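> Letter by letter, the chains look like this.
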Amino acid sequence: MNMLQANELSINFGGIKAVDGITFDINKGEIFTIIGPNGAGKTTIFNLISRIYDSSGGNLVFNGVDITRFAPHKIAGLGIARTFQNVELFEHATLLQNLLVAQHAHHTTRMWEEVLFLPRVRESEREIRRNVEEIIDILDLQRYRDSIVHNLPYGVRKNIELARALCSKPKLILLDEPSSGLNVEETEDLSFWIRDIRDDLGVTVIIIEHDLSLVNDVSDRVMAVNYGRLLALGSPEQVQNHPDVIKAYLGG
Amino acid sequence: MRFIFKTHYDQDIDLFPHAGAVFWYSLLAIAAVCAPFFLDPFYLGELSFLFIWSLAGLSLMVLTGYTGLISIGHAAFIGVGAYVHAFLTRNGMPFVPSIICGGIVSALAGIIIAIPAIRMRGLYLAIATLAFSAIAEELFVRWETLTGGSRGVAVPMPVLFGNELDGEVGFYYLCLAVLVICILGVLNLLRSPTGRAWIAIRDSEIAAQSMGVYLAGYKTLAFATSAFLAGVAGGLLAHKVGYLTPDIFTPILSIQLLMLVMVGGLGSIRGAIFGAIFLVLLPTLIAILRDYLPNAIGQQPALEPGIFGLVLVLVVLLEPQGLNGAWMKVKFFFSQFPMYKNATFKRQKTYMRTERLQ
Ligand SMILES: Nc1ncnc2c1ncn2[C@@H]1O[C@H](COP(=O)(O)OP(=O)(O)OP(=O)(O)O)[C@@H](O)[C@H]1O
Ligand SMILES: [Mg+2]
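Protein chains in written order, with my numbering: chain A, 711 to 962; chain B, 199 to 556.
No false leads were slipped in.
Straight-line distance between alpha carbons at most 25 Å, and here's what the computed SDA-like set of lysine to any residue pairs gives: (1) A:879 / B:208; (2) A:784 / B:403; (3) A:784 / B:317; (4) A:784 / B:412; (5) B:527 / A:806; (6) B:529 / A:802; (7) B:529 / A:853; (8) A:881 / B:412; (9) B:529 / A:801; (10) A:784 / B:309; (11) B:529 / A:856; (12) A:784 / B:414; (13) A:881 / B:413; (14) B:527 / A:804; (15) A:784 / B:415; (16) B:529 / A:861; (17) A:879 / B:389; (18) A:784 / B:404; (19) A:784 / B:316; (20) B:529 / A:860; (21) A:879 / B:402; (22) A:879 / B:404; (23) A:879 / B:211; (24) B:527 / A:861; (25) B:527 / A:858; (26) B:529 / A:858.
Where chain A lies over chain B, by a calculated footprint (3+ residues, C-beta under 8 Å): (27) 208–215; (28) 387–393; (29) 396–409; (30) 412–425.
Derived, one-sided and incomplete: chain A residues facing chain B with beta-carbon distance under 8 Å: (31) 783; (32) 801; (33) 803; (34) 806; (35) 825.
Keep in mind that the hints were calculated from the coordinates and are not lab data.
Quick caveat: nothing in here was measured; it's all calculated off a predicted structure.
Glycine included, every Cβ here is placed at the ideal spot set by N, Cα and C.
Based on the provided sequences and hints, a complete structural model is requested.
Right under this line is the structure:
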């Protein structure tokens, strides 16, 4: 079953066609990787899906809903979460606060109830906290709960961003270069977690990734892009052996 | 050394994390309630002033310290609250509904300024709010039926439950009660989705939005909440000064408020109180200082703004977390004693390759 369909997706920045008529489908429950040289348009595809940019052509359908013109803050509520290439955490808040915010799309309390902190609010806070604790356990973040995120090492911060995306109870998660800046051991943990996210939490995953061993390790399908255009789409081996892909990486 | 073991989620949800905090805040509450029995009216009056400043600081803290939106126009919100409350009180409305109305009208003004302001940040927002406050000041001069124009208007005594409240003691308790209620309300918001959404906007708009936070909505809400609190502070201030003229609500007041939250420490309620204490004490300290300085410096009329500016620069350079940050360090030192490490608060580098703790 198709979870996400992108049809002829395009966007221009001035003269640059950052994404130029790309069409692909994401199946429910798959791990789908996007690869391509720097400036190929990978992050821009994520920004189109999370509606940070308006596309200049084509459309996007998520679980049967046309999201091409959806309000960006409603994307989370539909079940799409993401991480950012340059970690975008709430730096001066604690880990716990970072993760609690992620449940925002699902909160039901009203502001006046919150001002009075009615029992209903306390109940909902407990529920939110229980959900967050599940993710903290999965990603082994217990010891950082009350730390200000700003002071934590880079690897942990990347991890927190993944945790935060998971805390919004997504159906589809977009990971933008999750392994960049991680050491070998951390990258190994990451590949386990990515598979756990799919297998145990049932979340569909799209990853942008440069580390080819990680790509081969986890991906069901790979899409290669360059200059905003689709070069190849298929199994990891098929794509890596595709002549256009080899040429793009050799700088042809 | 003290360890706090957490055994229940409610410990993080509750206002006071552990029994020690309950004890110290209870002590503070008792001291505040008993103060009128020990202090003479002059000092009681100064404390009322402190509470009003704290409330105004709390208001700006919500907007600047928690939502990351700067405002150099808060004097206008204080002014709107003060004039509306004075007007309603003169027309016989009791204190509680009248001050709430003042707050609500001020909140509406906050929403109006938010509509253009939510697209701006930093310097642009600072200038937009400054312009708004200039317009409001003009309005205070022109709208004579409400404000008495530049001649000003007298503010009657507050009427609470049918009794007129005159004298310092009654007013002291009134200010204390209003401040405590407002702080509790803000603390409640901060431990709920609304407050967390504000903090998220402050630290990363793009991430906040992708978590489902409606940026325009929550920014407007922050403006409205902040303006409401400023309006209530204005209502109290109206009684305190007794006579309102437009030159109370100039940009100087806004800048002092901004200084209050920065010196106190952005992003903390305690910081708003510390900042207010600083702002109330500083003029007195400067007056004392004048006697000890050589005449050439001591008698300079610009000494006060000069020292204000100097303090602000020093805070930004030496202790960006403000007085609250300094307080946390002292507290931490005692809670860790004798195991305090000098480097605990050194800013850490962000590592590209990490060494995880074991
Ligand atoms: N907001 C923007 N304004 C103008 N140009 C942009 C904008 N965002 C992206 N671009 C351009 O679009 C192209 C694709 O950028 P994108 O960030 O998607 O690349 P990428 O594939 O993620 O590269 P990298 O591997 O370096 O992250 C680049 O040429 C970039 O300069
Ligand atoms: Mg990128």
